[in-house]
Amino acid sequence: DGGITQSPKYLFRKEGQNVTLSCEQNLNHDAMYWYRQDPGQGLRLIYYSQIVNDFQKGDIAEGYSVSREKKESFPLTVTSAQNNPTAFYLCASTPLTGPADYGYTFGSGTRLTVV
Amino acid sequence: AQSVAQPEDQVNVAEGNPLTVKCTYSVSGNPYLFWYVQYPNRGLQFLLKYITGDNLVKGSYGFEAEFNKSQTSFHLKKPSALVSDSALYFCAVRALNSGNTPLVFGKGTRLSVIA
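Quick note, the sequences are listed as chains A and B, same order. Residue numbering for the first sequence follows our numbering, starting at 1 and increasing by one per position. Residue numbering for the second sequence follows our numbering, starting at 1 and increasing by one per position.
Hints listed in this document are in silico derivations from the structure and should not be mistaken for laboratory results. Small disclaimer: the values here were computed from a predicted structure and weren't measured. Mixed in with the good hints there might be a few duds.
Unchecked claim - No more than 30 Å apart at the CA atoms, straight line, and that leaves these computed lysine-lysine pairs for DSBU-like:
#  : chain 1 : residue 1 : chain 2 : residue 2
1  : B       : Lys69     : A       : Lys9
2  : B       : Lys49     : B       : Lys22
3  : B       : Lys49     : A       : Lys71
4  : A       : Lys57     : A       : Lys70
5  : B       : Lys49     : A       : Lys57
6  : B       : Lys49     : B       : Lys107
7  : A       : Lys57     : A       : Lys71
8  : B       : Lys107    : A       : Lys57
9  : B       : Lys107    : A       : Lys14
10 : A       : Lys9      : B       : Lys49
11 : A       : Lys9      : A       : Lys70
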């Protein structure tokens, strides 16, 4: 089945540690996105990529980094510079061409907790 | 700039009664509008979208939404609520001619359907 897979489902980070969240899709979608979800704040865009080897900052990129070496993969690294990383992280993808606009397909999310 | 407002953090409705979840938006030009639903610790699932055409859009699970250009609204409705409809609902928008810019999401409305 085609879909978008995020791993791990739960992740614990110690103070000062970098961690990487995985996002893989087999939908042949062009664009991929990372959102952060906090209670009462909705979804806030961290980074997005519309083509391999290119990505753009979203509204809250500070303390995060990404790469897009393959069309299928868009990992997110939460660096030690992100001083409040505890949140639910969602990855999404969408095609950019076609007869009509498409909504996003979302992964199941990764819950990151600082311990 | 694009923005979405969901004025109610929480909506409570009795099972069998009609439900409405409100959404207003702001974009330059014509909008693409979406509704998504999220169950606990899961990603978002697509419910319906408006691009052009009829102002009343029908979607998954018996949901529908009415596009009102003069009021810049896209309220989600269902004639008869089910307990299983209890979830977090997000409205999202982007401008029709925005060159594939990312969707902007509202802060979400928690729907609680009481038996």
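Structure-based check of all given hints:
no., hint, verdict
1, Lys69(B) - Lys9(A), "40 Å, violated"
2, Lys49(B) - Lys22(B), "15 Å, holds"
3, Lys49(B) - Lys71(A), "26 Å, holds"
4, Lys57(A) - Lys70(A), "18 Å, holds"
5, Lys49(B) - Lys57(A), "26 Å, holds"
6, Lys49(B) - Lys107(B), "18 Å, holds"
7, Lys57(A) - Lys71(A), "18 Å, holds"
8, Lys107(B) - Lys57(A), "20 Å, holds"
9, Lys107(B) - Lys14(A), "29 Å, holds"
10, Lys9(A) - Lys49(B), "29 Å, holds"
11, Lys9(A) - Lys70(A), "22 Å, holds"
Checked against the numbered hints listed earlier, the structure breaks hint 1 alone; every other hint is satisfied.
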